[in-house]
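My request is simple: use the sequences and hints to build the entire structure.
Under this note's numbering, the first residue of the sequence shown carries the number 1, and numbering increases by one thereafter.
A couple of the hints might just be wrong.
[Unchecked claim] Just the calculated beta-carbon pair ranges, DEER-fashion:
#1 A71 x N217: 24 to 34 Å
#2 T167 x N133: 39 to 49 Å
#3 N133 x T111: 34 to 44 Å
#4 I155 x D114: 38 to 48 Å
[Unchecked claim] Here are the computed lysine to aspartate or glutamate pairs in the EDC-like style, where the Cα-Cα straight-line distance is at most 20 Å:
#5 K56 x D186
#6 K54 x E231
#7 K235 x D210
#8 K31 x D147
#9 K165 x D150
#10 K232 x D210
#11 K218 x D198
#12 K166 x D186
#13 K103 x D118
#14 K242 x D211
#15 K54 x E38
#16 K242 x D49
#17 K262 x D150
#18 K256 x D150
#19 K229 x E62
#20 K166 x D127
#21 K141 x E38
#22 K132 x D77
Think of the hints as simulated: they come from the structure by calculation, not from any bench.
Being a predicted model, the structure only gives us computed values, none of them experimental.
Every residue, glycine too, gets a C-beta built ideally from N, C-alpha and C.
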Amino acid sequence: MKKLLILFLASALIFSCKTQKGISINEKEIKSENASVENLVKTIAQPVDFTTLKIKANADIESGNSYPSVALTLYIDKGNQIWANASLILPLARASIYPGGFKMYERLGKTYVDSNFDYLNNLLKVDFLTYKNIEDLLIGKLFFPLDINDFNFSIENNFYILTSKKTMKVGSGKDARNFSRRLTFDSNSNLRQIRMDDPSKNTYLQIDYDDYINIENKILPRNIKIFIKGEKEIKITLNYNKFEFVNMETPFEIPKGYSQRKIN
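Here is the structure:
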């Protein structure tokens, strides 16, 4: 009996080690004499090395009203597809995002979208959303090119800070906006915050990343908060619960009888 108990405990320990959710990354002190914008940019330009990634998450959305937390499965086939399935006891919505555009349907209103990225860009009044940008956003990487000549470099409260010297124009015509940018990185050069402001139109986009972990030598955030202020304020929170570098089936078919949603 004693041997069986020891064997059971050992097996449980081995199993728990195999299914661990990653190792938390400790912060270190930034030494200004060793810091440079060139080293920072070189480090943050390094991609997260994986082929496929399955993420179990909870998603919360606030837009004037609070909605129940939704269970979310994300599957990233790097460079090819982001597949997402949302449920709240019962299935709610499913999406397939790919380099040429995206498809999505939601069950409550029985509507679907089948479009290129113009739909999302028009919806958010931006012009920079592409497949790769969305993929980068979900794994804690910058979603726009970084030219160090466009930024001032500083160290504040043990964070690396890049502040834009000039604004970035987004959109055209009456929807054109000019955003200043502020990028924050922690002592391990992990992206912690993107802040884009257009004070003239009282709009901003802010994305916060927190609780980075090392899982199979890949550094990923476990918490992402997205704040959008335009005509309305929207807050989206993603809490990643589990990462798996596996292959999975990604079925997607728009149900019959659904109506297509058009761009307003």
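Each hint, compared with the structure:
{"no.": "1", "hint": "A71 x N217: 24 to 34 Å", "result": "28 Å, holds"}
{"no.": "2", "hint": "T167 x N133: 39 to 49 Å", "result": "19 Å, violated"}
{"no.": "3", "hint": "N133 x T111: 34 to 44 Å", "result": "25 Å, violated"}
{"no.": "4", "hint": "I155 x D114: 38 to 48 Å", "result": "47 Å, holds"}
{"no.": "5", "hint": "K56 x D186", "result": "25 Å, violated"}
{"no.": "6", "hint": "K54 x E231", "result": "34 Å, violated"}
{"no.": "7", "hint": "K235 x D210", "result": "16 Å, holds"}
{"no.": "8", "hint": "K31 x D147", "result": "23 Å, violated"}
{"no.": "9", "hint": "K165 x D150", "result": "6 Å, holds"}
{"no.": "10", "hint": "K232 x D210", "result": "25 Å, violated"}
{"no.": "11", "hint": "K218 x D198", "result": "34 Å, violated"}
{"no.": "12", "hint": "K166 x D186", "result": "23 Å, violated"}
{"no.": "13", "hint": "K103 x D118", "result": "13 Å, holds"}
{"no.": "14", "hint": "K242 x D211", "result": "13 Å, holds"}
{"no.": "15", "hint": "K54 x E38", "result": "33 Å, violated"}
{"no.": "16", "hint": "K242 x D49", "result": "17 Å, holds"}
{"no.": "17", "hint": "K262 x D150", "result": "37 Å, violated"}
{"no.": "18", "hint": "K256 x D150", "result": "50 Å, violated"}
{"no.": "19", "hint": "K229 x E62", "result": "12 Å, holds"}
{"no.": "20", "hint": "K166 x D127", "result": "18 Å, holds"}
{"no.": "21", "hint": "K141 x E38", "result": "17 Å, holds"}
{"no.": "22", "hint": "K132 x D77", "result": "11 Å, holds"}
Hint violations for this structure: numbers 2, 3, 5, 6, 8, 10, 11, 12, 15, 17 and 18, all remaining hints satisfied.
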